[in-house]
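K.L.:
So the protein sequences, as listed, match chains A and B.
Per our numbering, the first sequence starts with residue 788, numbered consecutively.
Per our numbering, the second sequence starts with residue 788, numbered consecutively.
Since the hints were derived computationally from the structure, they do not count as laboratory data.
Heads up, a few of these hints could be off.
Identical copies look the same in the list; a pair holds intra-copy or inter-copy alike.
To be verified - Below, simulated DMTMM-like cross-link-like pairs (lysine to aspartate or glutamate); rule was C-alpha separation at most 25 Å, straight line: (1) K791 - E881; (2) K869 - E1027; (3) K1076 - D840; (4) K1183 - E1095; (5) K1183 - D938; (6) K1076 - D902; (7) K1183 - D1134; (8) K791 - E1147; (9) K1183 - E995.
Protein chains: 2
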Amino acid sequence: MAVKNAFYAQSGGVSAVINASACGVLQTARQHSAKIGKVYAGRDGIIGALTEDLIDTSLESEAAIAALKHTPGGAFGSCRYKLGSIHQHRAQYERLIEVFRAHDIGFFFYNGGGDSQDTAYKISQMGSGLGDPIMCVGIPKTIDNDLPITDCSPGFGSVAKYVATSLREAAFDVAAMSRTSTRVFIMEVMGRHAGWITAACALAAAQEGDPPHILLLPEVAFNEERFLTKVEETLRQYGECVIAVSEGVKGPDGEFLSVSGLADAFGHAQLGGVAPVITNLISARLGSKCHWAVPDYLQRSARHIASETDLQQAYAVGRAAVEFAIAGRSAVMPAIRRLSDAPYRWDIIEAPLCEVANEEKPVPPDFITADGFGITAAARRYLAPLIVGEAYPPFKNGLPDYVRLRNAPVPKKLTTEFSV
Amino acid sequence: MAVKNAFYAQSGGVSAVINASACGVLQTARQHSAKIGKVYAGRDGIIGALTEDLIDTSLESEAAIAALKHTPGGAFGSCRYKLGSIHQHRAQYERLIEVFRAHDIGFFFYNGGGDSQDTAYKISQMGSGLGDPIMCVGIPKTIDNDLPITDCSPGFGSVAKYVATSLREAAFDVAAMSRTSTRVFIMEVMGRHAGWITAACALAAAQEGDPPHILLLPEVAFNEERFLTKVEETLRQYGECVIAVSEGVKGPDGEFLSVSGLADAFGHAQLGGVAPVITNLISARLGSKCHWAVPDYLQRSARHIASETDLQQAYAVGRAAVEFAIAGRSAVMPAIRRLSDAPYRWDIIEAPLCEVANEEKPVPPDFITADGFGITAAARRYLAPLIVGEAYPPFKNGLPDYVRLRNAPVPKKLTTEFSV
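Just chain A, same shape as in the assembly (with noise of 0.2 Å):
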């Protein structure tokens, strides 16, 4: 088998540990130079392959790929950008094969969450009619952790440690302060359309009773009369009352709360917030006093706090994509096996695309409380091993160190452009 180029990108909202696979990518590909050549990455995801930006990541030092794996963000740029259908979005993917053929490309690496394994596997159905065909393996990612066939997705048990240790440091600052000043705690997590950053929030709690005491999951509907009578007894019961709720929470009508509460002066609807939502709710119903906080990107990108799990793997994701590819693999997806909860371990097994894409993977019934406030003990075993471990970066003048990498462009080769 001749020796092909590779190409890699990341794409959709960036994590904590994408880099980590984007590192166990290239440190495996480096180790297997009898089949693969470079490691080209696209500047900016799947935009860098259609506009013919890649990033030749042979010229990065072996250092800088592997501080790779203590670096949040994406490296070398997302997108939110997802391939249209073949049949009406032909010109996209005859621009792809261009691009690959130009450069020699023999395997393509996507890494991200639900669209991305749909656009890998596209190119793939696309490969597999050429006479050359690409080896196209999807690289899980996606902090929401609604992939299916994967136990968990990587980027997931680092945001679940962040906001579980930032609830359960919050929750210290409440009850000292819930004598004379704030009774009321929310905090608003991502996952708009599944709750398991919503769920994981409920590791905050060492002991039953502990805060969070009122999740709100996007999977259960809104139901502002039964909510009150909860954070009144709550209150009532610990004399505050600690609430996580998704981003994600529709109201009886199934509209986001977040979308029909606010407005600014001008009339215009806020963008995003259902925390002060749900404040003034409480604010306005109950008289008590509240603090709202909304991490938002903060804990996606806490790489100071992520899960050494996660990142373990995060990291074999990436190596387990380019051993697949190179054993002739395509139209696959590494995806994570639970073996067992405790003592936690967990293997990789190969994931057909094709049952990857597109599909959305919801907390399950079974692991929310019947009154849909909290989690199940199924839920908690599921949890609670993937949070477990420290893996600090190394820190300079007080801040952690992260890289940047040069990310010198590779000489194009084609004559035509292509605008995205």
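Following the hints, complete the assembly by docking chain B onto the known chain A.
P.N.:
Leaving out everything else, chain B in the frame of chain A:
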């Protein structure tokens, strides 16, 4: 000198390291058992003294006391409660004397910000008029860093480290997303009257041009047109714009922007949240996609990313307070004196409470750049050493292992009630 008991209480907003000051007080008092008997902590600050709700810290193990050093929040409860003036609220002071006499208290330690130092000062004045005076020593604590005399305030360095770390991490995220998605990121931080925390966000930048690109300090009146021009310039130059904004930013009319901006569907003013106000402004006027974060309590309780320097200072002022008191000093507060910037050296000096109480120290003009949107090299020299060093708490099952004290009550000796 007869052995006397001591009273210790926490006041105002808590921090990641106020319990480290408590640890300094308790461990040092235990080393001086020839002079200090038991240390009674006020449950919920001075309210515990007024209501004779005292906690017997002698019942806490050495290990539990040591664990305070790595536990955020206020271990004995705090309060937002300011004593009235002596001549108008004489009953409060008489009650304190009564409680202190009943429990043989000869030392009074009050751990808080400007208001708390005022309380400590008033009690010292009252005490000096008695036959058996109480040694009153204030212990500095405020994340706002606005206490006078002391070079910095324990609690600030850890928030500074948190916000600079978080903003650096989020900026890596924005850099990856800016091609097709978020181009503007806005983080709102605490510090209603002083912009020290906002200024500390600038430490996230490793070099000129790095994010954050714009600071909105409460010391500088917000000018909408100048701000939008600056955002546009930044977007043109860097393709992205990262902004840190103080919750206390005011418009030219002197009104908080956070109050003037948003209302819910029922017309109630939104509680807090200047970040969404700025976001809406940018979206409406420039059309850029924005994300915003409000870490709120997360920033001041983030013990997991505390500054080792801050932690050492928090402990040192607790220890020094006890040493001052047993040396017969009263109406004083241990203050941090900076001896040099680099290498950073500091020691503890004695500040008279009368000069500390009710004074606020804003960010001085020579720390703010001419355009009002950044900090100067002098500010950077001041801030840089305060975030140095990591002081990770122990972790258990993937989460910080914080201590909850027994907080057993001291049996009441008085038959009278006092309502607050």
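K.L.:
Hints first: check each against the structure and report whether it holds.
P.N.:
Status of the hints after comparison with the structure:
Taking the shortest alpha-carbon separations for K791 and E881, only the intra-copy value of 19 Å comes in at or below 25 Å, while the best inter-copy value is 86 Å. Taking CA atoms no more than 25 Å apart as the test, K869 paired with E1027 passes between copies only; the shortest distance there is 22 Å, against 45 Å inside one copy. Within a single copy, K1076 and D840 get their C-alpha atoms only as close as 52 Å, which misses the 25 Å cut-off; across copies the closest is 24 Å, which meets it. In the homo-oligomer, the alpha carbons of K1183 and E1095 lie at most 25 Å apart both inside one protomer (21 Å) and across protomers (13 Å), since each shortest distance falls under that limit.
For the identical chains of this complex, K1183 and D938 are inter-copy neighbours only, at 23 Å across copies versus 36 Å inside a copy, given an alpha-carbon limit of 25 Å. For the homomeric pair K1076 and D902, the shortest alpha-carbon distance between copies (21 Å) is at most 25 Å, but the shortest distance inside one copy (41 Å) is not. In this assembly of identical chains, the alpha carbons of K1183 and D1134 lie at most 25 Å apart only when taken from different copies (24 Å versus 35 Å within one copy). Within a single copy, K791 and E1147 get their C-alpha atoms no closer than 34 Å, and across copies no closer than 66 Å, so neither meets the 25 Å cut-off.
Within a single copy, K1183 and E995 get their C-alpha atoms only as close as 40 Å, which misses the 25 Å cut-off; across copies the closest is 17 Å, which meets it.
Figure legend: structure checked against the earlier numbered hints; the only hint not met is number 8.
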